[in-house]
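Protein chains: 2
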Amino acid sequence: MKKALGIDIGGTKISYAIVDEEGNFLNEVHKIKTPKTKDEIFDTLACIVSEAENDVDFIAIATAGAVNNENTKVIGSTANLPSGYKDIDFSLLSNKKVFIENDANSAAYAEYKLGAAKGYNNSITLTLGTGVGSGIIINGKLLKGKSGAAGEMHFMLERNEKRLCTCGSYDCFEAYASGNGLRKTAVEIFNDSSITTYEVIEKAKNNDKNALLALEVWQKDITLGILGLNNIFDTDCFVLSGSMEQFVDTKKIEDFVNLKTVTTKTKVFHAKMGNYSGMIGVVLLGFDLLN
Amino acid sequence: MKKALGIDIGGTKISYAIVDEEGNFLNEVHKIKTPKTKDEIFDTLACIVSEAENDVDFIAIATAGAVNNENTKVIGSTANLPSGYKDIDFSLLSNKKVFIENDANSAAYAEYKLGAAKGYNNSITLTLGTGVGSGIIINGKLLKGKSGAAGEMHFMLERNEKRLCTCGSYDCFEAYASGNGLRKTAVEIFNDSSITTYEVIEKAKNNDKNALLALEVWQKDITLGILGLNNIFDTDCFVLSGSMEQFVDTKKIEDFVNLKTVTTKTKVFHAKMGNYSGMIGVVLLGFDLLN
Chain A
1 MKKALGIDIG GTKISYAIVD EEGNFLNEVH KIKTPKTKDE IFDTLACIVS EAENDVDFIA
61 IATAGAVNNE NTKVIGSTAN LPSGYKDIDF SLLSNKKVFI ENDANSAAYA EYKLGAAKGY
121 NNSITLTLGT GVGSGIIING KLLKGKSGAA GEMHFMLERN EKRLCTCGSY DCFEAYASGN
181 GLRKTAVEIF NDSSITTYEV IEKAKNNDKN ALLALEVWQK DITLGILGLN NIFDTDCFVL
241 SGSMEQFVDT KKIEDFVNLK TVTTKTKVFH AKMGNYSGMI GVVLLGFDLL N
Chain B
1 MKKALGIDIG GTKISYAIVD EEGNFLNEVH KIKTPKTKDE IFDTLACIVS EAENDVDFIA
61 IATAGAVNNE NTKVIGSTAN LPSGYKDIDF SLLSNKKVFI ENDANSAAYA EYKLGAAKGY
121 NNSITLTLGT GVGSGIIING KLLKGKSGAA GEMHFMLERN EKRLCTCGSY DCFEAYASGN
181 GLRKTAVEIF NDSSITTYEV IEKAKNNDKN ALLALEVWQK DITLGILGLN NIFDTDCFVL
241 SGSMEQFVDT KKIEDFVNLK TVTTKTKVFH AKMGNYSGMI GVVLLGFDLL N
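Residue numbers (the working numbering), protein chains in the order written: chain A, 1 to 291; chain B, 1 to 291.
By construction, these hints were calculated from the structure, which means they are not laboratory data. Keep in mind the model is a prediction, meaning the values are calculated, not measured. Any given hint could turn out to be false.
What the hints assert, rightly or not - Calculated cross-link-like contacts (lysine-lysine; reagent style DSSO-like; alpha-carbon spacing at most 30 Å):
(1) A:Lys272 / A:Lys252
(2) A:Lys260 / B:Lys220
(3) A:Lys73 / B:Lys162
(4) B:Lys265 / A:Lys141
(5) A:Lys272 / A:Lys205
(6) B:Lys162 / A:Lys162
(7) B:Lys209 / B:Lys220
(8) A:Lys118 / A:Lys265
(9) A:Lys141 / B:Lys113
With the sequences and hints as input, model every part of the structure.
Written out as structure tokens, the structure reads:
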């Protein structure tokens with residue numbers, strides 16, 4: 001069976017393993033801390049690749065940042081990685097083909113091929129973490145847009161500049177639906193700028209009224225975003241992944257969206273592919289697009 | 001050259017003409033008032049079709065309402081047409097193939113093939129009239145979604161139930177960006193529930209401060225929606241069509257969106273295909289999909 005070296009480059013760690021064309025790990029997943037400069041990142045990747053490249057058909061890299069339509073280059077800057085990261089020429093890492101894709105797109109592809117969205121040709125996977133990532137699948141293909149950057153969940157949920165988003169605009173979906181969005185909602189409700197996302201979750205476990213309200217408002221904001229996306233895309237299903245998705249009631253979201261949608265009913269699922277969905281997804285996508 | 005009978009069924013009138021595969025009219029466009037019941041609509045269409053069907057390769061109908069992925073059936077109800085309209089079996093109109101598509105999707109396809117978005121593989125056409133219609137083109141194909149209903153511009157611009165939308169949800173883009181949205185914005189600014197869209201436009205021509213402010217707020221709301229859509233779709237261009245688009249400054253919208261987008265720069269154009277874009281578009285789409 002064919003296989004690839006899968007690598008996931010995140011802001012805090014780089015994970016890698018050899019993955020076959022059915023998405024199975026052929027060795028243990030290795031993790032190392034993400035270096036602080038782009039040159040160190042390149043050298044680290046070169047070392048990882050040189051150990052494995054003779055055993056695999058190609059190298060597949062899931063990365064933060066938008067990736068071009070040729071799957072060769074990062075085209076958008078990413079706040080969590082060092083400056084100049086997007087100038088790395090990944091093709092220099094190996095004599096074998098190096099295939100790259102955005103990590104949220106890769107995770108969405110893994111959910112589509114093997115996970116919660118398996119069997120559905122149209123799905124939107126929202127990765128709810130510190131921020132919000134997404135991957136949109138239409139008729140079995142990733143929505144990439146003209147340059148490859150499509151799928152940014154920066155549409156506005158307010159009109160009057162209430163909450164600054166990391167992107168420089170105000171009131172994007174990400175500024176409400178992310179873990180950081182939950183924190184900001186809690187700051188407003190508690191009237192305490194020092195409260196953290198972790199504290200909100202802990203207080204909610206102890207039935208603190210304000211914390212429960214913050215989670216309720218946060219979930220409602222996620223719900224409004226999903227309703228809008230279902231009206232735009234008329235998709236088969238939504239998959240919620242990432243560190244924050246465990247705090248979401250998918251059934252409640254699905255019921256509200258299906259009550260209000262002007263297209264047709266959709267489904268809302270918890271993700272199934274776990275922490276390595278990006279690594280698995282980029283390998284599967286590489287096999288589908290390179291063959 | 002091949003040709004089709006193009007028909008556009010709107011809430012107030014039915015327009016029709018014979019159109020060739022390059023989008024040229026081969027006779028004058030005829031218009032009649034839309035009858036009040038679904039049976040009368042069917043009989044009227046049957047009469048129109050019987051006169052022309054021997055001269056054409058197929059019948060192409062642009063209609064209000066969502067149309068299924070097989071282009072045979074209206075699947076969503078439409079407020080402007082009689083009850084039961086969606087149960088009309090259009091295939092019974094002719095022994096020739098009857099091809100139908102949503103009117104806003106058809107208009108978008110006309111702009112893509114022959115109009116303002118010609119030469120761009122990715123575009124979003126927003127029809128700004130009493131409501132907002134849209135058609136989304138991705139890699140040269142209409143976005144239809146799982147059932148055919150995709151492209152509804154009912155994503156939320158506010159979170160706290162400020163303005164009821166025609167769809168039953170609150171604060172959809174349509175409730176702000178449409179002609180009716182302009183009226184509602186003006187009602188708030190003038191604090192006068194009797195003001196009409198027409199009056200706002202007339203007052204603005206006379207430099208009435210409140211009317212100009214209403215138009216400015218309305219255009220800003222359209223801009224925020226387009227910014228969000230460009231972040232989701234990373235599209236080549238937006239085309240604004242419909243009766244209200246003449247009051248929009250496309251350059252201002254484009255500049256703001258390109259300053260703030262997190263994907264890549266886009267373009268914002270006025271439509272070029274005129275009042276019969278739906279009729280022309282559904283003929284062109286029929287030729288592309290039936291061949």
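Hints, verified against the model:
no., hint, verdict
1, A:Lys272 / A:Lys252, "holds (19 Å)"
2, A:Lys260 / B:Lys220, "holds (26 Å)"
3, A:Lys73 / B:Lys162, "violated (43 Å)"
4, B:Lys265 / A:Lys141, "holds (23 Å)"
5, A:Lys272 / A:Lys205, "holds (24 Å)"
6, B:Lys162 / A:Lys162, "holds (15 Å)"
7, B:Lys209 / B:Lys220, "holds (16 Å)"
8, A:Lys118 / A:Lys265, "holds (18 Å)"
9, A:Lys141 / B:Lys113, "holds (23 Å)"
The structure shown violates just one earlier hint, number 3.
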